[in-house]
Every structure is written in structure tokens, then in C-alpha cells.
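If you want the building blocks of each chain, they are given just below.
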Amino acid sequence: MLDQSNLIYRYDGSFDGLLCCVFESYDKKEIPMDIIMPDISQTILFQAKEITTDSQKASRVLASIPKKMGVDALDFVRRAFLTCLPKKEIYILLFLRMGYRFGPYVMSMLADDVVDTLSKAVKHLDNESHLLKGFVRFSVFSNVLVAEIEPKNYVLPLMTQHFCERYPEERFLIYDKMHGMALVYQPYQSAIIPIDDLELPEADEKEQSYRELWQLFYDTIEVQGRHNSKCRMSLMPKRYWKYMTEFCGTAKNPLLRMENTSKLLTP
Amino acid sequence: MDVFDKLKILTDAAKYDVACTSSGVNKKAPVGGIGSAAASGICHSFAGDGRCISLLKVLMTNICAYDCKYCVNRKSNDTPRASFTPRELAELTINFYRRNYIEGLFLSSGVLKNPDYTSEQMIEALRILREEYRFSGYIHAKAIPGTDSRLIAHLGMLTDRMSVNIELPSQSSLQMLAPDKSKHSILAPMGYIQNRIQENSTDIIKYRHAPKFVPAGQSTQMIIGATPDTDFQILNLTEGLYKKYKLKRVFFSAYMPVAENNLLPTLDTQPPLWREHRLYQADWLLRFYGFKANELLDQHHQSFNPYMDPKCNWALNHMEFFPMNINRAPYSDLLRVPGIGVNSAKRIVTARRTATLKFNDLKKLGVVLKRSQYFITCGDKVTDGLKITQDTVLKSLMSEKALGIYRQNFPLYSGAEQLSLFEQPSLIPTLAQEVQPKCLTSLI
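Those protein sequences? They're chains E and W, same order as listed.
Note that the first sequence covers residues 1 to 267 in the working numbering.
Note that the second sequence covers residues 1 to 444 in the working numbering.
Think of the hints as simulated: they come from the structure by calculation, not from any bench.
Ideal Cβ positions, reconstructed from N, Cα and C, are used throughout, including at glycine.
It cannot be assumed that every hint is accurate.
[Claimed, not checked] Just so you have them, the derived chain E footprint on chain W, three or more residues with Cβ under 8 Å:
#1 40–54
#2 96–103
#3 341–351
[Said to hold, decoys possible] Here are some chain E residues the structure puts well away from chain W; computed CB gaps all over 12 Å:
#4 Pro66
#5 Leu94
#6 Glu202
Please work from the sequences and hints to get the whole structure.
Spelled out as C-alpha cells, the structure:
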């Protein structure tokens, strides 16, 4: 087995494509130094090896994962693929190689560097998707619920079930600006589709008044004598505030409230 | 009065209620309905005071027939009054819920006319939500002390969690500050709810679709610092409540001076936030770490150490348990090491199945080595270059804030330590004797 320091794989960015990289790595008895996406135009000293996605190879690898290392490991790898971890592809490949070698034990090798790096990334993903389940704010436009988010990780697949079970009779859309994808739902059908841009109409009167009611509630519920902006900040990092109704102010001057609050926060 | 004014008044009146959890039950919306719940609970926002906002926390009305001295809504207080109609409240809840502002409703109330009438109003609001809107999101309702048990039973079928506020930690405090409430009027509904939950759990075994009674259990809260009750009494009461009434949570709320009364702390008193914090730490130790109340405090040490968290404090007073071998100690012992929590203990137990753990590995598992290094070994090794001096130990075991206050109060310690470059390191057991952390409050 050669650990080749000048070998780079290039795959199509899909999960199946990554599984084909795993196949290739075993087939050619080689471990690449990195696995890159097609659109990365970094100057590479060495020629990158194109890995074409072959659904047959991919499904062979996919079927082998639960067999060799358990369903938990497959779930773990799927999640790891959604994270924003740099070089996640190579870590996933190394993890799977360990899995084939050690079997289900790989999931308990928490002190190993590869497993540790991946589990931290997965934890970050899980945390973010859990937070966003609460922080997503819908606006009602002609009876359709619309929300925007900017998550670091690709969390939409993890939020689908939650929102579908919550609003089974509604029609809604959650637009992930960061990844250019949107979760769309109409009763008992959901899909994640690519969207380039989303322009939202003005809020109507009813929508506006509920926004204001919510802001009123948010401001009133605080016990002034216990003000603790540091605590709030660590529990609800500021990058989420952008789309949250309580910080967005009225339609006339949407950013005014946010600026005001941020002024208060920086002494 | 429009809905804005009502919301403002009734939120303002409800904000001192602590509980805002939406945890303990998993469910999804039925066909044609709306609303789900996750057992972990979901926070939808955090207020400026850092408290989670998960539920729409409002009162049905802040008109109250009672005159509890510590309460903003007491009869004798001159404050604007308002009431929601059941339909107004249901509509507001649904519209907030659709926009994902909230996880559900937390409904409490002042006592309008009498407890039964108040409860009927609450029931009507919840009925509209559950039956007309087919809302299956989270609902937490307060049981009003003195309500007929028939009404409590009805309320319980509509809610996920119920709570009866114990308000003050002892009967004598209650008598003094809340003359309209008695220990009996508070504990009776608590016991009733507990019985019904138990009956219901056997029903569910028999009939799978038996309607659920308060599926997320009940909780309570008490005010800290309004009365002379000690931490020891409060912690014992807490433990008793968990055992006897199988409560899911006991909440503590540092007393915010809201009223001028010679029975109460003066208006300029700072809320005892540190004390509240220590009580919550101890509460966690009771619920998740297998500690008993009398291990943390006892007759002679009635107050928590203000500088050190209860777990560190316990560890320093029980050095005979340490050092602990991380690769062999059972899970329940690992939980007792400062710097190791429930998650890291579980991860240690998992990870040591495949490898012998070293200090480097512990960091990856989420162990806070800064605290735990004094109490653990990996095999027969201790941390390389570990210096056990009073200064280093205190620095690692106290939070930065606590250390600052400590140094202000005991300036001699740090001053002497600065110069002693080559001083022999003192051993922890002597430190424990010298510092006597449990009774530091009595020193000041």
C-alpha cells in the first residue's frame, strides 16, 4: 500500500462521486493526498486524477458500509458530507478505510485524529441545524411561509423532517442563501431544489403587525435587572440575527434596529 | 385596549416566571393540524438577559385577588391591568407559531374572581387551540393553587407540562409573604397531578391511544433570596420534590426587588444571581451526576462556596477518592471528577474500549484538563510537569470572575505567591484543609 504524497483525486462533488473515490483508492491500492471539487482552480503541482462517478461502483461501496461498520457509521459519513469542514472528502475517505479495517469499532475510536476531526465537524453541523430549527423566521406572503437562512453547514436535509412534521398543511419555502438551495414543501410533498436568487415582496399589513407584536414581546420579556448580552451572544451568535424578526425592525428602516442593538452591545 | 397593549402588560407581568422549556415530549402534527414537539426542546430566541425564549409566555390576566408581597401583580400594587379573551390568545399563539417565532404557549394567570373561574378561562383558550386549530405544539400551563381537581384534570389533558409554583422554600416564609397561599394549597395539586400522571402511564400501557395526561411531566419554581432560607434547606427541598413528586425540573429565580415592604429586601438589593447559579449547578449534580443533597451541603455548611462550584468543592473535600484512573474508573465515578461532564464521561467510556487513553486523548474527548488534571491519572501517569501549588490549583478550579473576587478579599494569597519561585509545592490535601472551602461565607 502506497501513501502517495503527490496524488490528488478530482470528483464531481456528489456523495456518490466521493464513494467512487473510495472505490478507486482500494482498486488501485493508493491513498490520495487530497480530493478536490471540479470548480477548484488552484494551481496544483501535480496532475489531478479525474474520478468519474459510476453509480454501480458507488452503490457497491454504499452497500458495504453498513455491512462492515454498522448503520451508525453510514449515518455519520452522510452527515460528515454535509459539513463545512475543509478537506472533508479526504477525512471521510480515511475514516472509511479505518472502518473497513476495524469494523464497527471505528465509531468508538474517539481519540483518533480522523474520527475526532470528523465528529467535531458533525457536532458543529448538528448544533447548527438544531439552532436553526428555532431561529428560522417565516414571513407569510399570500399564505405561503417563506424564510431565509445563511448557515455555514449544508443543514437543509437535516431540517426537512422537522418542518414537514410541524406544518403538514402549510406551503413553505426555506431558502439557504449560502448554498443556493431551497427546501420547498406543499402538503405531503417536499423537495430540495437549487435556487439562484429570491426576491421577497413587501410585507402586507397583517404580516407587519405580527412582526411588530413579536418585537414587542421580545423586548418586554427581558428582565432588565438581569441584562446579560454576553450570555445572549454565546447562546445565539450574531451571525443568526440577520434574518430574525426580533432584530429586523419595521419595513421602513429594516437595519435601524439591528444597528441600535449592536451599538448597545459594544460598550 | 388593543392587542398590543394587552400583550405588553401581560408579558411584562409574566416575565418573572422562570420556566421556558419546551422539552420532554416528542410528537408531530396530525393530518389537518399544526405543530410538533421535540424531546430535547427547541429555543427560538434569547432575550437580552440571556434567557431562552421558547414559549409565548403570557398571563391570561394580571388582575389578581391575592396580595402576595413579592409579586408585581399583587392586588395592592398600582399597575395597569389587562386580560386576554381566550380567542385572542389562541389566535396570537397560532400566528406566532406559524411564523416559527415560538415553540408553543406558556400560560399562567393572576387569580381573577376565584381560582376555578380563572382555570375555566385558561381551559377555554387551550380548548380553542387544541380542538379548533388542531394545534399539537407545546403547551405549559400553571395550575392555580386552590383550583378544583376536576378542572386540573381537564387542564392536564390539554397541556404537555403543568407546574405549580412552590414560590417560597418554607412554610414560614409563605405565611409571611403570601398569606393567601399555604403549603397545603400548593402541594395538593402537585400531588394530584403526580397521581394522575402515574395512573395515565398505566392506562397507556393498556390502551395505546389513551389520551395523555401532562406527558412532559410537571415542574415548579421558587424564589431565592427574598427570605432567610439557606441553600441547604433549599437543596434538600429540591431533592425531596424530585423524589416525592417526580418533578422534571425545579427552577430557582433570584429575587428581583419589585415591591417596597419591610418584610422584603430593600428595593436597591442586587438579585442574588451567584446564589441562583450555584443552586442550578447543584441541581444538575442531583439530576445527572448522582450526587445527594447532603453530600454537597450539611448542617454545618449551609451555604455554597461563593468562589468554587459545588462539584470542585466536593472534590477538594474528598481527596481520598482521587487520583482516579481514567482507564478503569466506572462511569459513576468519572462523573465526580471536576472537568468531566456527562458527555465527556460517556465518551471516555466509549473510547477506552478500543484504546488506552492518554492525556492528549482526553482533550479530544472534551475533558477540561485544566480542572481535571489534579484528580486523574492515565494508567500510572500524572500530567507532565504538573505543579501543585495553591496558586495554580485555585487558578484552575475557580472561574476567572470568582478568582478576581477571591483575590480582592484575600489579597495575601496572591501577593505571597508571586515571589515564591522556588517554594516547595504544597500538596492538595493540606490545601483542602487550609482553604476549608465550604465555610468561606462565614469568613467574610
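Now the hints, each set against the structure:
1. 40–54: holds (count 14)
2. 96–103: holds (count 6)
3. 341–351: Since three or more residues must qualify, the claim that chain E covers the segment 341–351 of chain W holds, with 3 doing so at under 8 Å.
4. Pro66: holds, 20 Å
5. Leu94: Given a closest Cβ separation of 16 Å, the condition holds.
6. Glu202: Per Cβ check, Glu202(E) is outside 12 Å of chain W; nearest 16 Å; holds.
The structure shown violates none of the earlier numbered hints.
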